[in-house]
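Peer 1: Taking the hints into account, I'd like the entire structure generated from these sequences.
Chains as they are written, first to last, in my numbering: chain A, 1 to 115; chain B, 116 to 226.
Because the hints were derived from the structure by calculation, they are not lab data. Predicted model, so just to flag it, every value in this text is computed and none were measured. Possibly wrong hints are sitting among the right ones.
Result set (DSS-like, lysine-lysine): computed pairs, CA atoms no more than 25 Å apart in a straight line [unchecked claim]:
# : chain 1 : residue 1 : chain 2 : residue 2
1 : A       : K14       : A       : K64
2 : B       : K166      : B       : K185
3 : A       : K55       : A       : K20
4 : A       : K20       : A       : K66
5 : A       : K55       : B       : K207
6 : A       : K41       : B       : K207
With the C-beta cut set under 7 Å, the calculated list includes, among others, these residues of chain A facing chain B [what the hints assert, rightly or not]:
#  : residue
7  : I12
8  : P86
9  : S89
10 : I93
11 : F106
Backbone N, C-alpha and C define an ideal beta-carbon position, used for all residues, glycine too.
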Amino acid sequence: GAVVSQHPSWVICKSGTSVKIECRSLDFQATTMFWYRQFPKQSLMLMATSNEGSKATYEQGVEKDKFLINHASLTLSTLTVTSAHPEDSSFYICSAPGQGVDTQYFGPGTRLTVL
Amino acid sequence: GQQLNQSPQSMFIQEGEDVSMNCTSSSIFNTWLWYKQDPGEGPVLLIALYKAGELTSNGRLTAQFGITRKDSFLNISASIPSDVGIYFCAGKETSGSRLTFGEGTQLTVNP
Numbered sequence: 001g002a003v004v005s006q007h008p009s010w011v012i013c014k015s016g017t018s019v020k021i022e023c024r025s026l027d028f029q030a031t032t033m034f035w036y037r038q039f040p041k042q043s044l045m046l047m048a049t050s051n052e053g054s055k056a057t058y059e060q061g062v063e064k065d066k067f068l069i070n071h072a073s074l075t076l077s078t079l080t081v082t083s084a085h086p087e088d089s090s091f092y093i094c095s096a097p098g099q100g101v102d103t104q105y106f107g108p109g110t111r112l113t114v115l
Numbered sequence: 116g117q118q119l120n121q122s123p124q125s126m127f128i129q130e131g132e133d134v135s136m137n138c139t140s141s142s143i144f145n146t147w148l149w150y151k152q153d154p155g156e157g158p159v160l161l162i163a164l165y166k167a168g169e170l171t172s173n174g175r176l177t178a179q180f181g182i183t184r185k186d187s188f189l190n191i192s193a194s195i196p197s198d199v200g201i202y203f204c205a206g207k208e209t210s211g212s213r214l215t216f217g218e219g220t221q222l223t224v225n226p
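Peer 2: Written out as structure tokens, the structure reads:
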């Protein structure tokens, strides 16, 4: 299947700082990528849909000014958590649609811990 | 909105036993996907289903797309310790639309 990478795999930051997470499609192009958040022992919750060359679409209840998404190229989407707080600590996972098949491939995730 | 009920929430089985888990939806899906997630990692696609009644296998895994298009099940035969993890079902109402995830089934396999 298609390969999606994320960087960093884990990050620890102080409260009030901003953190950027990168999501890359390694062997294919993705005009759309998806960002999920997963709390311990819970399912994946879609935060937003990242669209190459246009604004991201955010799910209800997700603050677009806090979770900035930039899809600058066909292989890269970034999620920036601005002014992070301890309640933002979570596992953030991105995904990209498969090529020619109706599916989604997920990155390995980024563990964010805000102190 | 869409609701996906996945059961059971957890299973504790002995190595060699067969396992079955299922998902039901409040709405019709055009695609059913089954994923496995290991601790600290992203979900890995196991099986994709695209037609009502479709039965697809991947090694010891078998999944079916329900005829009503509102349910799907995943079977694991002859379980082994490395089958341990969380299994998620996910569905899509139309091609290209968002995925809706089930709550997951935590599988524990005792050697």
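Peer 1: Take the C-alpha atoms of A:K20 and A:K66, compute the straight-line distance between them, and say whether it is at most 25 Å.
Peer 2: holds, 12 Å
Peer 1: Hint check: A:K41 vs B:K207, CA-CA at most 25 Å. Holds or violated?
Peer 2: holds, 23 Å
Peer 1: Decide if the proposed pair is consistent with the structure: A:K14 and A:K64, CA atoms, cutoff 25 Å inclusive.
Peer 2: It holds: about 21 Å lies between the C-alpha atoms, which stays within 25 Å.
Peer 1: With a cut-off of 7 Å on the beta carbons, see whether A:S89 makes it to chain B.
Peer 2: Status violated, d = 14 Å.
Peer 1: The hint names A:P86 as touching chain B; please verify it with the least Cβ-Cβ distance against 7 Å.
Peer 2: violated, 20 Å
Peer 1: Does the alpha-carbon distance linking A:K55 and A:K20 stay inside the 25 Å limit?
Peer 2: Distance ~17 Å between A:K55 and A:K20 Cα, so the pair holds.
Peer 1: Measure nothing beyond the straight line between the CA atoms of A:K55 and B:K207; if it is 25 Å or shorter, mark the hint as holding.
Peer 2: holds, 22 Å
Peer 1: Would the hint on A:I93 stand, with a C-beta cut-off of 7 Å toward chain B?
Peer 2: With a minimum Cβ separation of about 5 Å from chain B (threshold 7 Å), the hint on A:I93 holds.
Peer 1: Using 7 Å as the Cβ threshold, decide whether A:I12 counts as touching chain B.
Peer 2: violated, 15 Å
Peer 1: Please check whether A:F106 passes as an interface residue: C-beta within 7 Å of a C-beta belonging to chain B.
Peer 2: holds, 4 Å
Peer 1: Need the status of pair B:K166, B:K185: alpha-carbon distance at most 25 Å?
Peer 2: holds, 12 Å
Going down the numbered hints, you'll see the structure goes against 7, 8, 9, while the others check out.
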